[in-house]
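Keeping their order, the protein sequence lines are chains V and C.
Under full-length UniProt numbering, the residue at position 159 of the first sequence is numbered 159, and the numbers go up by one with no gaps.
Under full-length UniProt numbering, the residue at position 6 of the second sequence is numbered 6, and the numbers go up by one with no gaps.
The hints are simulated quantities; they were obtained by calculation from the structure and are not laboratory data.
Be aware that one or more of the hints could be misleading.
Derived pair list, reagent style DSSO-like, types lysine-lysine, alpha-carbon separation capped at 27 Å [stated by the list, open to error]:
1) K220/V <-> K67/C
2) K67/V <-> K251/C
3) K67/V <-> K137/V
4) K203/C <-> K184/V
5) K251/C <-> K184/V
6) K20/C <-> K115/V
7) K53/C <-> K83/C
8) K67/V <-> K220/C
9) K67/V <-> K20/V
10) K184/C <-> K220/V
11) K159/C <-> K115/C
Chain V is faced by these chain C residues, among others (derived, beta-carbon under 7 Å) [unchecked claim]:
12) G45
13) D47
14) G48
15) G50
16) S51
17) I55
18) A131
19) Q157
20) I160
21) A165
22) F167
23) M188
24) L198
25) E199
26) I204
Don't be surprised by glycine CBs; every beta carbon is placed ideally from N, CA and C.
Now for the letters of each chain:
Number of protein chains: 2
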Amino acid sequence: MRITIIGSGNVATHLAAAFKNAGHRVVQVYSPNIHNAALLAYHVGADGIGSLKDINVETDIIVVAIKDDAIKEIIPSLLPYGKLVVHTSGAVGLQALTDHTANAGVFYPLQTFSKTKELNFGDVPMCIEGADETITKQLEELARTISNNVYRVNSAQRKILHLSAVFACNFTNHLYAVAEGLLKEHDMPFDMLRPLILETADKIKAHSPATVQTGPAARKDEQTMQAHLNMLEGREDLQQIYLLLSQDIIKNSNVPHGDK
Amino acid sequence: MRITIIGSGNVATHLAAAFKNAGHRVVQVYSPNIHNAALLAYHVGADGIGSLKDINVETDIIVVAIKDDAIKEIIPSLLPYGKLVVHTSGAVGLQALTDHTANAGVFYPLQTFSKTKELNFGDVPMCIEGADETITKQLEELARTISNNVYRVNSAQRKILHLSAVFACNFTNHLYAVAEGLLKEHDMPFDMLRPLILETADKIKAHSPATVQTGPAARKDEQTMQAHLNMLEGREDLQQIYLLLSQDIIKNSNVPHGDK
């Protein structure tokens with residue numbers, strides 16, 4: 001397919017590369033910053049443009065990969081071309097597009113992207129929604145050329161998915177940062193915790209996380225929990241996080257199975 | 001070395017296997033449940049015993065790998081043999097042993113273990129503390145035969161390490177479980193989140209987590225955070241966790257660097 005990319009951030013960068021690697025033709029990359037547009041365009045053999053008026057009509061789909069709150073503003077400028085328009089956001093409904101055009105869909109890659117970190121796009125769950133069945137099928141087909149994990153997800157589900165990702169990714173990373181801070185204060189390198197973090201994530205490849213919960217709260221080990229809270233004295237924020245998460249674990253824990 | 005293992009749980013199981021693989025001789029495995037003792041003993045070519053009175057004096061070190069609150073009780077029964085005694089707990093001080101004997105140390109593997117999941121023990125950080133320099137060196141030497149990550153860690157540091165591990169491992173896994181629950185309620189499989197979870201952990205192999213924080217809180221995106229809180233209406237526990245972690249991210253966030 002001939003694809004136009006709106007945006008030059010992390011999602012745009014990884015999607016453009018995935019499209020190109022799958023044999024599609026990335027026609028143009030747009031960014032209000034023409035330098036950024038040109039840089040990404042260069043990497044995927046496309047033309048960089050700095051104005052939406054320069055969009056080439058010789059394209060099949062316009063993929064909008066920009067900040068959530070900028071999506072609504074940009075859509076009217078894309079309508080004159082009469083092409084299929086999709087956005088790539090987890091938090092924005094399909095309606096943000098269908099309010100303007102029926103030729104619309106969502107093409108949401110459920111992953112955390114950094115420009116500087118390569119990843120295997122074939123594993124990225126692609127969440128697809130089309131304004132009608134024909135569009136949905138078309139997007140599914142396109143998604144399957146770049147990923148082995150393609151799901152049909154409606155707008156309500158996608159919002160839940162995005163919320164879940166905040167818990168599983170953003171909040172999780174913050175807990176890594178909290179741990180890093182505690183070690184630093186006591187002259188220990190974060191390297192000491194890296195194997196544990198990787199193993200914790202690795203475990204859920206084959207297990208439901210609820211069934212492999214471990215630690216003082218899962219064991220209802222009041223003594224250790226109290227000792228930990230005492231160690232956090234003067235750090236009310238961390239005490240609160242400790243208490244709240246421990247209470248939630250206790251509330252949700254079934255019979256411990258002996259893992260430690 | 002000739003090694004006696006007290007316990008037959010997850011830590012005992014993985015340590016015994018690591019010792020055997022490194023060419024040490026596991027002499028005996030003790031468990032009050034002789035069946036459990038015999039099973040682990042069988043796997044590592046040792047004898048299983050169900051009574052502490054049957055400990056063979058032909059050993060060099062007694063490794064106590066049992067529940068934290070059982071350590072103090074069991075130590076007196078091990079003293080008559082006059083051997084080096086170490087425990088493997090992150091939360092228990094060295095003093096729990098040195099109150100009884102100067103021939104003591106700590107041999108703490110900082111990892112989450114399941115009996116049913118193999119792992120590469122060479123990566124497991126081994127945290128060592130001896131009652132004196134000779135013992136510390138001896139334990140370091142032993143640790144290096146089974147792991148490439150050996151650290152000297154005193155009792156105060158080890159407690160912090162254990163606390164940090166609760167944040168980075170136990171609490172993290174609970175957040176995975178929260179996400180799993182949200183997806184389930186909306187008919188989506190947890191499989192959809194697995195790649196994101198693995199990538200989130202993978203990212204910190206090369207980065208400090210504080211520097212790669214992403215998500216609505218890191219972007220100070222009030223609109224998305226409010227939408228998420230609304231979606232969690234009726235789930236006060238999750239709303240509280242969402243608020244508290246978001247506030248802590250906002251408080252600790254420096255300039256966002258554009259990752260999404």
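message: Flag every earlier hint the structure violates by its number, smallest first.
response: 6, 12, 13, 14, 15, 16, 17, 18
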